[in-house]
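Visitor: Chains S and U, in that order, give the protein sequences.
1 is the number of the first residue of the first sequence in our numbering; add one for each residue after it.
1001 is the number of the first residue of the second sequence in our numbering; add one for each residue after it.
Rather than coming from a laboratory, the hints here were simulated on the basis of the structure.
We put the beta carbon where it would ideally sit given N, CA and C, even for glycine.
Treat each hint with caution, since some may be false.
[Unchecked claim] Have a look at the derived ranges for each label pair, beta carbon to beta carbon:
1) R1218/U <-> Q5/S: 49 to 55 Å
2) P1295/U <-> I60/S: 40 to 46 Å
3) A1292/U <-> P312/S: 45 to 51 Å
4) E1277/U <-> P52/S: 53 to 59 Å
5) A1086/U <-> G141/S: 27 to 33 Å
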Amino acid sequence: MTATQKRCVQVLNETLHELFASRDDVYLFGEDILDPYGGAFKVTHGLSDAYPDRVVTTPISEAALFGVAAGMALRGQRPILEIMFGDFIALGFDQVVNGISKFREMYDDQVTVSLVVRTPMGGRRGYGPTHSQSLEKLLLGIPNICVVAASECHDLRGLLTSAVEDERPVFFIENKLMYGRVNRRPEDGQVGQLSVRESGGPYPALTFSGTDFTEASATIVTYGGMVPVVLDAVTELILEHEIFCEVVALSQLLPMELDAVLESVVRSGALVTAEEGTLTGGFGAEIAAQVQRAAFDFLDAPVERVGAPFAPIPFSAPLEDAYLPGADEIVAAVRATLSDKPSGP
Amino acid sequence: MSPPATFYERMFFIRRFEETLLDLFSLGKLVGTTHTYIGQEANAIGVIDHLDPRRDVVFSNHRCHGHYLAFTDDAFGLLCEVMGKAPGVCGGKGGSQHLCKGNFYSNGVLGSIVPVATGIALAEKKKGTGAVSTVFLGDGTLGEGVTYESLNLASLWQLPVLFVVENNHYAQSTPVELELAGSIAARGAAFGVETAELDTTDVEVIHEAAGQAIARVRETGAPFFLVLDTYRFSPHSKSDDQRDPAEIEERRIRDPLKIAGARLADDERGAIEQRCELRLAETVDAADAAPAATPEAA
Chain S
1 MTATQKRCVQ
11 VLNETLHELF
21 ASRDDVYLFG
31 EDILDPYGGA
41 FKVTHGLSDA
51 YPDRVVTTPI
61 SEAALFGVAA
71 GMALRGQRPI
81 LEIMFGDFIA
91 LGFDQVVNGI
101 SKFREMYDDQ
111 VTVSLVVRTP
121 MGGRRGYGPT
131 HSQSLEKLLL
141 GIPNICVVAA
151 SECHDLRGLL
161 TSAVEDERPV
171 FFIENKLMYG
181 RVNRRPEDGQ
191 VGQLSVRESG
201 GPYPALTFSG
211 TDFTEASATI
221 VTYGGMVPVV
231 LDAVTELILE
241 HEIFCEVVAL
251 SQLLPMELDA
261 VLESVVRSGA
271 LVTAEEGTLT
281 GGFGAEIAAQ
291 VQRAAFDFLD
301 APVERVGAPF
311 APIPFSAPLE
321 DAYLPGADEI
331 VAAVRATLSD
341 KPSGP
Chain U
1001 MSPPATFYER
1011 MFFIRRFEET
1021 LLDLFSLGKL
1031 VGTTHTYIGQ
1041 EANAIGVIDH
1051 LDPRRDVVFS
1061 NHRCHGHYLA
1071 FTDDAFGLLC
1081 EVMGKAPGVC
1091 GGKGGSQHLC
1101 KGNFYSNGVL
1111 GSIVPVATGI
1121 ALAEKKKGTG
1131 AVSTVFLGDG
1141 TLGEGVTYES
1151 LNLASLWQLP
1161 VLFVVENNHY
1171 AQSTPVELEL
1181 AGSIAARGAA
1191 FGVETAELDT
1201 TDVEVIHEAA
1211 GQAIARVRET
1221 GAPFFLVLDT
1231 YRFSPHSKSD
1241 DQRDPAEIEE
1251 RRIRDPLKIA
1261 GARLADDERG
1271 AIEQRCELRL
1281 AETVDAADAA
1291 PAATPEAA
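All chains, please: the whole structure from these sequences, using the hints.
Guide: In structure tokens:
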């Protein structure tokens, strides 16, 4: 089996094993992470057997655990906190807003808070309103944290290693469906039929093109669990509508760096944002604001946003399917924005 | 100096430092808010005297000046910080409630600090430093649920945390009777944490009990829950005090400075007070002359 054929959960798990082997300041805290159970999504499998002193199973006390991780980090350790469902970050919000994100600056750089919060977001598993959300946007308004979203096309080993080695507090957003899927890394600059460019830095952006970057009618920017959905939509746009889009899959959501998006928008002249969470005050809203300011002259149409309705995620499969944004919504948004372009598609 | 003289001097300095802050507010030299420690000085001195600032850690709350002075003796850094001056211990970014120096930390959200102090204890235990992590809470903080999560973790994981509950009988303006059900000490005991409760403002009694508590933490590596019944004579922050003046006067009989001062000869006490006043005046002058924290300076 080559590296590119591994499932995402296995890559994350192997990376954690590597990090534990190479650094003795890395600790892992989480609920139900002990072997043989190995965590609700099995990302931590085998770690507690190998490193019993540094892998700590915890009570169901997320609010305190965020603080415990902060205390560990203030004293020079590198804790990784696994929050079983992304929805549960709400329980730790005081620690994030009033402690973890603030200690370094309000203590005038006398301390660092190097910690990683790993948590899976996303629906499509029928877990209902409180176990399916994509709450990244709640983190995007917090200064001095880093929000990293993994996707099945990103270098998961590189992302997670960078997160643990980062001086800043990092939220490392995983995705429930991603775990079981193959980590589709570019080979010879290609993922399937699409050409891929990867930016530099600890948390690279991936830009996909169906024309080897010669032609694009629109740019779609997305992250995390929406990446495969958007790639499906792009294939459909090519095959069914002969519309070629570039896709920018960000991994660094905060601090927001949009160079890859702007470069693509300069080529395409149109932008669609795609996220699984609700739209108001979200990922797409922030990108739309920044891109219109930075690249107004290059935009030939208003920025379109795709996301979930402003309501809780319903449980039943048909209801959830209707609620969550899918490839159809992305295709429709791209076609809508192109109809606004003076030049057309 | 004899211990009674040392205790008196350190407590008197905290008292006068805090009174000076309130004066500086009246003069318009301080802005924002401050929560003074007037009346509770014996707790900070009695507990922190047993800690080693090079090894042990203190996490304090919004009412942190007494703890800070007891642990660091850095009056200039604190006053500059509270005055928003560049040499402030956090460069004017933190202010009265958000201090950090060496192994001392404070933060202004009640309850928020308790799990952080617990995590600090875990880090120190894993590193094998032998440090005790002391966290100061009040009766008001006992309304925050994360306090109990932290007690559970500290006991479950046998962490060297000293929880000091300073029950000053008021959460801002709300008397303890309106905010707390049940026994305070039983809260620690319920988690299997060794507990002691003192109803005294005598620094020597507190010092002895705290010494035993900290010795227990060092000996067992396990947490300890120390409840100190106390009272603050000053308002919650600056002028927000609706308590019955007669109630406050009655409590002044137990003023920790009176109790500690009575152990000294008049001339010795006078010399200590004079020394403190001089030091404080010099500190105020120096802080007053220091440059303000400005965006350019930061």
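Visitor: Determine for every hint whether it applies to the structure shown.
Guide: Hint check:
1. R1218/U <-> Q5/S: 49 to 55 Å: Because 54 Å falls inside the window, the suggested range holds.
2. P1295/U <-> I60/S: 40 to 46 Å: holds, 44 Å
3. A1292/U <-> P312/S: 45 to 51 Å: Roughly 49 Å apart at Cβ, these two residues keep to the hinted range, so it holds.
4. E1277/U <-> P52/S: 53 to 59 Å: holds, 57 Å
5. A1086/U <-> G141/S: 27 to 33 Å: holds, 29 Å
The earlier numbered hints are all upheld by this structure, with none contradicted.
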